[in-house]
Each structure stands twice: as C-alpha cells, then as structure tokens.
Amino acid sequence: MSQNSKVGNDSGEEIILSVSGLTKHFPGAKTSFFGKHEIVQAVDGVSFDVAAGESLGLVGESGCGKSTTGRLITRLLEPTAGTVVFDGQDISKLNNSELRPIRSDLQMIFQDPYASLNPRHTVGTIVSTPFKINKVVPEGGVKKRVQEILEIVGLNPEHYNRYPHEFSGGQRQRIGIARALALRPKLIVADEPVSALDVSIQAQIINLMKDLQKDFGLTFIFIAHDLAVVRHFAQRVAVMYLGNIVEIADRDTLYSSPKHPYTKALLSAVPEADPDAVGARERIRLTGDVPNPINPPSGCRFRTRCWKAQDICASSAPALLQIGQTQVACHFPE
Amino acid sequence: MSAFLEVKNLSVVFPTEDGRVQAVDSLSFSVEKGKTLGIVGESGSGKSVTSLSILGLQKGTRAEVTGEIWVDGTEIVSANEDEVRKLRGKSMAMIFQDALAALHPYYTVGHQIAEAYLVHNKVSKKQALARAVEMLDRVGIPEPHKRINDYPHQFSGGMRQRAMIAMALSCNPSLLIADEPTTALDVTVQAQILELLRDLQKEFGTAIILITHDLGVVAETADDILLMYAGKQIEYGTVRDVLQIPQHPYAWGLLTSIPRLTGDPNLPLTAIQGTPPSLISVPSGCAFNPRCNYVDQVGTLCASSVPDLLPIAQGQSHYVRCHMNPALRESIFTTQVRPHL
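Residue numbers (the working numbering), protein chains in the order written: chain S, 439 to 772; chain Y, 1146 to 1486.
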C-alpha cells in the first residue's frame, strides 16, 4: 500500500505516519431481542501516508468517518482491523500502558473548546498535566515552561491560575492547543479545531496553527468539513465518503481538477461570499442524503447519489488508483 | 406602510442580575414581499433576539421591547398576545437551526404539520393531514403519504429540516424567518435546502429574513444584508454593495478573514484582533473601536461617541455606522481591503 500512496511527497521525505487498511466497526442496535448487533461500518479500509512536517486535510460530510479515523490514529479508539505505523512502530494493537510513552508524540486538538477542558482545573493545571503524566521535568520547572507555552499560543502567562470559564471560545481553543503542544509532539490530530468558533476568531486560530507548524516542524492531520478552511491549512487533502477515502491529492490538484464525482459535487456546493461567483460557477446538486453506514450501498458507496453510476458501480467497489497526480477510487473518474 | 415588514427603532433590553443587557439597539430595516434580507453577525450580536421580537415571542418574558414592528399593517410591539398569535403561523412563521429540537419527538411529523394548519384554517382533520402530505411532497420528501406517520427521529437531518420548512409554510405565511436554517447541515444538503427556499419564495412571494453567520450563504440567497455588531446595525445595503464595496472596518475584517476557495492559501488570513464584546459592558462610543485597526486615523471620536447610521453618499441606500470620513475610507478600502477580497 505504502508504495502507491506517496502522492505529493518527494520520495526522500520521511514518512512519520503510515495508515493501512484501517477499519473500525461499531456495534449498533440489536436486530431483535435474541438477534445480533447491527454493525456500523464507520471506517472501512482507509490507507494513507503522512510525511514529517506536512499537513494532511481529511474532509467529508458528517458520518463519513473522518473523526473516527483521527481517533484511531491517536488510539483513543481501537481499530477493528488494519495497522497504524507511527514513527516506525505499529501502534494499532498496543495496550494503554504500552501507548503511554507514545502519547507524548501524538496529541489531539478537539472541536469543542467548552467540553474538552475540565472546568474545575486551572489553565496551569490543564497545560501542566501532560508533564506530570509523563513524569517530564523541563528545564526551569514545569510552571515556567507552561507559561512559555501559554505565551506562544497568544495567551497571557499571568492567567496561569484562571479557570476555563473565564476565557472566550477562541482563548479556550488556544488553551487546548497549548496542552497539545506541551510535550513538543511530532504529530497533532486537530479535529474540527475552528468550527465551533466565530468567523472573526477562526482566522486567528488558523494563523496560529500555521505559525506553530512552521516554527516547530509539526505534522498535522487536520479534520474539517469546511473545504475552504482545509484548503487554507493543508498541503494535501483526502476526501472521505461513508468510511472510505474516495480521493487524495495535493491541494492545488484536488481543488483545481477534482477527479471523483463526489469531490466535484462537494466543491460546487460550497457557498462563496462573492455575488459575482453566484451563478457563474457550475453547480452540481446531489439529491438525497448520505446513506446509513449500517447498510452501505454495494460496490461504490457513492453510487446512490452519483449521476455517473453504471451497473459496474453496484457490483464492484472501485480501488484507490493513481491517475496523474491524484489517487481516486472511481470507475469513471473525470 | 409600503414595505411588508417594517422595523423602526427596535430595542430589546434584558434586565439581569449582572446588569441590563442591551441585546438589540435601535434597529431599523424593512423587507418587501418576495425579497430576502440576510441578517449577519457573530454570536451575541442580537440576530436571534431580533427575530424573536418580530414574532412577538418575547411577550410575557422580562425582555423590554421598544420601537415599532409593522407586519402587514399590524404593529407587533404594542399588540396583545392573542393578536400576535393569530398572525404567528398564518402570516409569519419561523424555521430554526436545530430541527430535532424544534420538532416534538412524541408526535408524528404529519400530526405536527397538520396541527398548525388546523389552528389557522376551518378544515377537518382529514383535510389538514392531506395538506401535510401535500406540503411534504412540495419540500421534496419521497413517499409523503407514508412518511407523515413517521416520528422525527426516523427522519435524517436534511429531511427534518425539510419537514420543518413544510410546517412553517403550510399556511402560506407572507413572512418567513429562517434562523441559521442550514448551519447544522452538510454542504451538499445545505445547497439543497437553500435551493428549496429560493424556489418556494419564487412560487409564493414570501418575504424571508435569513439569519446566519455564513457570508457565503447570504451571498447566494439574500437581496439585502444587515450586518450587526453588539446589538447595533453597523452596515446595511444590497448584497452586492455590502460584499463588494464594504464600508465598515468590521465588514472588512469579516470578509478578509474567511478563507476562500480562490484565495492564495500561502498568505496568512487577516484576522480581526480581540473578541466580540460582552453585552453587559459594551465598549463606549463605537462598540467595535477596541478591535478596529483604524482608530488612530480617526481620532478620539471612536471611543467617545456612537456614530450614526448614515448613507455612504447622498441618496444612496447603502448605510454605515462609522466615524471615518468617506475619503479616508475610500483610500483604505482601495489599498488595503480590495486586494484581499
């Protein structure tokens, strides 16, 4: 898998994360009292590589499996199948105590800055917890280091003893970023880091994360549903639909010449704040909703909403194949 | 009253333990039949409070509503509860952001749509249910005669939003208020819902107030934009004017801070510094002045006096609330803002 998934990477670059055949099935409701559990196929056979220092965007609509993928990579969830090779080590089957040393290199930023911070802990406690758990004592002491980090993310170091409720949404998200940054991780998975914030605050956080990536050489997996935000942050983008990756390419290729019909439809549905662009762009209107992941359509999972679907789409699932600069899973790519 | 909906000097104040919260401050606007007004602002800017006042939903609460709201010749602020109830549902209706919370989980979708129709029309239950089927069909729900017996949880997010639109439109209201109708939806479904609203508006000539924080949604659906900040309207004009020649520094900040599909992703976004103010302690003078980049160039006026909402030039229908003189504004806009739009 890994040999054909290095799209957009120079082969000389170090691969820090290699995901192969990643699958997660959740047990759903029981079919009857004595029956079996239905199976929700949240993520099904997802494979990609991430080079050190790059940022990969994962986009898709709700239920496409992008958040589950992020949680599998950070091992907040255990995969049903597949491997996650991080920094040369397969972490997909490690237990909690084996994972602990790796967690300092692998951090996560969450969507909801209101739910992801403990309201009873001060900012100082929240950001210094990673040091305590990993028994790391930085030079000059934990408090000094935490205050440095607070300053880096644009917070006042004197607010060390304040509680999360004293901060606005944007500031809370900065606290979450400070916590993720505390141990100088190699990879950060950011799950919808700006979607809960006001528009004028989103730009502040995106700029901050971009600066941090540059300054610390971080690798990011950036999960979002907003295509314009992802385009601004990620150098390479993977589009997911119903648990599968349907297309991966570097940013410019994906946005300028999408190969998968779903990518095309998704891009054409983004409303643009320019009255002249309205009507000038080609519009593809998908009908219906995303199907239920308990019973995904046979063959290509997008076929029920696709205007190009033929008989073959129902009978066989297209593999993710290289076409030019892009990897695309479609029987009839553009 | 020429316009179908006319709001004059609307103010809403909530007395709270921490002080008086001025949620809406002397707001004036109008909407004609068949037109859409987009009200744009960040959380806490007073968008939703405005819409609740128009529907008279703050009667019987502690909110102090002053000013005038004329809907089709009836004044809402001074009207009593019964008068407003007769209008609500029949002449004006609302669709909410969260359809799952707005629909009753205990009753079937058909029952809930029929109920609104029964209250306002002299029809039998059977006729009302037939109307529910007709409306579900109109908003694009397949097999409506079967789906009226479903409960809200059996509908997907997009279908629930459609059902709520069906309910709101069942009595052919002349005014529809849509409060963030697509925020909880995916982009492909959002596009379907916006198109549906546009089609229905064309068919029934409904006046729509669309409340949103998404400038893209406004650009695609609205005729006019009202931009709110800390309870005040700070810019008001046609979509084309406000989005293409924005006048207020806050509008500049908003429009240049959103990443665009056509922009250069390697340039940093021009973020607005600071955070939106708390409505309990709104900054003196222009509420935006602590976050404004151009205060130094305007002078002390910004922090001391509230600017008036004035047309940008004589006879123009594009209004802005800012102390900056037109020449300075023009030069900042051309040199620093337009290149980022």
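Hints should not be assumed to be uniformly reliable.
As the list claims (entries may be wrong) - Below 30 Å or equal to it, Euclidean Cα-Cα: the simulated BS3-like pairs (lysine-lysine) are: (1) S/LYS570 - S/LYS581; (2) Y/LYS1180 - Y/LYS1153; (3) Y/LYS1271 - Y/LYS1235; (4) Y/LYS1291 - S/LYS702; (5) S/LYS624 - S/LYS652; (6) Y/LYS1271 - Y/LYS1291; (7) S/LYS468 - Y/LYS1291; (8) S/LYS531 - S/LYS570; (9) S/LYS474 - Y/LYS1291.
Hints are computed from structural coordinates only; laboratory data are not their basis.
Here is how each hint holds up against the structure:
1. For the given pair, S/LYS570 sits about 11 Å from S/LYS581 by alpha-carbon distance, which is consistent with the 30 Å threshold.
2. Distance hint between Y/LYS1180 and Y/LYS1153 is fulfilled; the C-alpha atoms sit about 18 Å from each other, no more than 30 Å.
3. Between Y/LYS1271 and Y/LYS1235 the CA atoms are separated by roughly 19 Å; this keeps the pair inside 30 Å, and the hint holds.
4. Of the supplied pair hints, the one linking Y/LYS1291 and S/LYS702 is violated, its CA atoms being roughly 34 Å apart against a limit of 30 Å.
5. At most 30 Å may separate the alpha-carbon atoms for a hinted pair to count; S/LYS624 and S/LYS652 meet this at roughly 13 Å.
6. The suggested pairing of Y/LYS1271 with Y/LYS1291 holds, with an alpha-carbon distance near 15 Å, which does not exceed 30 Å.
7. For the proposed pair S/LYS468 and Y/LYS1291, the alpha carbon gap of about 25 Å is at most 30 Å, so the pair holds.
8. Proximity of S/LYS531 to S/LYS570 is assessed by CA-CA distance (about 25 Å); at most 30 Å being required, the pair is judged to hold.
9. Between S/LYS474 and Y/LYS1291 the CA atoms are separated by roughly 29 Å; this keeps the pair inside 30 Å, and the hint holds.
Of the numbered hints given earlier, the model fails hint 4 alone.
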